[in-house]
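Q: Read off the chains here:
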Amino acid sequence: MDILVVLEDKNGRIHRMSLEAIAGAQQIGSECGLSIGILAFGKNASALGEQAKQYDVEEVLTLENEHLNDYTADGYADAVANVITSENPTYIFFGHTYQIRDYAPRVSAKLKRPFLNDVVSYKNESGKPVFSKQAFNAKLIAELNPNSDGHILISFQSASFSSDNIQSGSASLRSISIEIDASAIKTVPEDPFQEAAGGVDLSSAELIVSIGRGIGKEENIPLVQELANVMGAEIASSRPVVDSGWLPAHHQVGSSGQTVAPKLYLALGISGAIQHVVGMKGSKNIIVINKDPDAPLFELADYGVVGDVLEIIPKLTKALQ
Amino acid sequence: MNICVLIKQVPGSEAQFNVSGDGSWIQETELPYEMNESDNYALEEALQIREQKGAGEVVIVSLGPDRCQKVIREALAKGADRAIHINADAPYNTDPYSIASALANAVKDERFDLVLSGLQSDDLGFGQTGVILGEMLGMTTATLVVGTEVQEGKIKVKRELEAGWFQWQTMDLPASLAIQSGLNTPRYPSLKGIMTAKKKEIKKLNFVDICNVDELQSFAGLSVQHAEKQTEMIEGNIDQIVNRLVDVFKNEIRIN
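Quick mapping for you: the protein sequence lines, in order, are chains A and B. Residues 17 to 337 (our numbering) are what the first sequence spells out, left to right. Residues 234 to 489 (our numbering) are what the second sequence spells out, left to right.
Excised from the complex, chain A in its bound form (with noise of 0.2 Å):
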C-alpha cells in the first residue's frame, strides 16, 4: 500500500478526525494514483475493522495485543513504528488528534521519518501532493518539504477533509501481529474522568454556536442554549465570556482555548481579536453577527448580519423548531 491510514479508536468506533483522515487519503488516493490500507488497533481493533471495511480502500489492518488495550504513548509508538516497518507505507496518515499529538512525534523520532502534523491542506503536483501547514498564529502558510522518499507521518487539522465523502466499498480483512516488549512500556494510565457535568468536545463538534460580550450579560445565555439545543450544536465563546464567569474555561476557542475546525461557526457578538480568529478560523462556514458593521470578525465570514443577537437569537430558534 501506498497510504496506510492510522486509526484512532473513540469508544468502539472510528474518531472523526480518523474518518476525515480515510477521505483524505481516497482523495488523494485518487488524484495522485495511490492505494490505501487502513490500520486499526487497540482493545477495539475488530469492531474498527469491521467499519473501516466498508469503505473503498484496499485492505484493512487489523492488530491486536494485550499491551495495546490501554493508551500509552510509550506502547502505541512502539506499535505504529513497528507496522511502519513492516508494511512499508510510502505515507502514514493520522487526524491530528491529541492522542496523535501525544505519540506520533515518537514514532517519527524512532523512524527518523518526518512528521508533518496539522496539515490544512494538499495540492497535486504532477502526481506528487504537496502539504501545507498554518504557521506564525495561522497568519500564513507554509508548505512542508519532507525530507524522505517514504514513511512521511501526516497528521490533518480538524475539517481539512470531509467526511461526507467517503466512498463506499469493501476492503479485504488482514490481522497483524507484533510483539511488544512491556518493559518499555512505562507510564500506567488511570481511567479517563469528566471533570465537570456536561463537558465540551468543541475540537470535534459539527456545529458550534459561539458568544462573545455582545451578548451583553450572563442572563442572555439561556437564549442561546435554546439555540444550540434547536440546532444540535455546542456553545462556545471568546475569552471575555469566560473571563467574565459567564461560561466555564473549557468553552473557550483562541489562542488560549481550543482549536476548532466545525462545519459551522455560528459567532454571535464576537469582534475577532485575532487571540480569538487563531482558535476558529479553520471553520468550514462562518456566520457572524454583530452590529457593530466594523467588527473584524466580517472579514472572514461567509455569511453576514448587522444586527442585535438578542432580537435574531429568539427568533432564528423559533424558526428552526
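Mixed in with the good hints there might be a few duds.
As the list claims (entries may be wrong) - DSS-like mimics (lysine-lysine), calculated; alpha carbons at most 30 Å apart, straight line:
{"#": "1", "chain 1": "B", "residue 1": "K389", "chain 2": "A", "residue 2": "K202"}
{"#": "2", "chain 1": "A", "residue 1": "K331", "chain 2": "B", "residue 2": "K483"}
{"#": "3", "chain 1": "B", "residue 1": "K387", "chain 2": "A", "residue 2": "K202"}
Stated by the list, open to error - Derived Cβ-Cβ restraints for the label pairs, each shown as a range:
{"#": "4", "chain 1": "B", "residue 1": "K483", "chain 2": "A", "residue 2": "E234", "range": "55 to 65 Å"}
{"#": "5", "chain 1": "B", "residue 1": "V446", "chain 2": "A", "residue 2": "E235", "range": "55 to 65 Å"}
{"#": "6", "chain 1": "B", "residue 1": "W258", "chain 2": "A", "residue 2": "E234", "range": "42 to 52 Å"}
{"#": "7", "chain 1": "A", "residue 1": "N163", "chain 2": "B", "residue 2": "K341", "range": "19 to 29 Å"}
{"#": "8", "chain 1": "B", "residue 1": "D405", "chain 2": "A", "residue 2": "E74", "range": "38 to 48 Å"}
{"#": "9", "chain 1": "A", "residue 1": "T101", "chain 2": "B", "residue 2": "D405", "range": "21 to 31 Å"}
To be verified - Part of the chain A face toward chain B, derived, beta carbon under 7 Å:
{"#": "10", "residue": "A89"}
{"#": "11", "residue": "G143"}
{"#": "12", "residue": "N163"}
{"#": "13", "residue": "D318"}
{"#": "14", "residue": "L332"}
No lab work stands behind these hints, which were simulated from the structure alone. Even for Gly, the Cβ is constructed at its ideal location relative to N, Cα and C.
Place chain B on chain A using the hints.
A: Below, chain B without anything else, positioned relative to chain A:
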C-alpha cells in the same frame, strides 16, 4: 530534582508578518517578540515543583538568535538558576527532529529528571520538539499536561483529553512533559530577581556545532493566508434575515 525548561522566543500575537521575497522566511525586523505563551506556564510549573521539593536546579534551554537573551533573562529573573543558549540565526531550521537533536546534545551530560516544554510554539506550531527530545533521551513523555505530582522516582501527571475528559497517568522519571496553558498562574519577576538574573550563567552553544543530523523536513514556502472570503451580507428586516439564515443553514451549509 533537576528540571530543564525549553523556552522559545516567538513573535507576539499582534505581530503582522511580511514574507521575504523568495518566500523562504518572514522579514524579522521590527517584529515584537515575547516568550511563547505555553512555555511561560512550563517555567512556572518547574519553579513550583522545585519549591515543593526544596532542592535542585531549574535550567533554561533556548534556541534562536541573540534576541533570545531577552526571554532567557526574563526566565532567570523569575527564578531559574542558569541557562543554555543555543545560537541559531534566521532563517533558522524549522525541523522539530533536528532541533530536538541539537537540544539532546546540549543537555546530554546534565542528567535532568524532568524536561518541561510548552505544548507548542505560536510561530511554527509543530508541538513535537519536547516529545522527540524525550524519545531521544530515553525519557517517558506526555503532552497536554495540566497537572503534576512528583512521587518517588516517578511523576503522576494529569492530561487533557478531548471532549472535556482528563486522565491521570503515572510515569517513570526521567520524563519530558509538554505543558498546556492555564494549569498555573505564571509569576512576574521581582525587582530582586531582575537584578540577580544579570549575574546568572548563560552557557552559549552554536546550533551548527551540536546538530549532527539531517533535517527531516523544512518549510518550502511561506505565504500569507488566503485573502478574506467573499462575504454575503444578509440584509432586510428581522424576518427576512431570519428566513435567509434558515435557508443558508438548510440548503447551503446543509445542517440537519
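Q: Check the structure against each numbered hint from earlier and tell me which ones fail, lowest number first.
A: Result: hints 4, 11 break, sorted rising.
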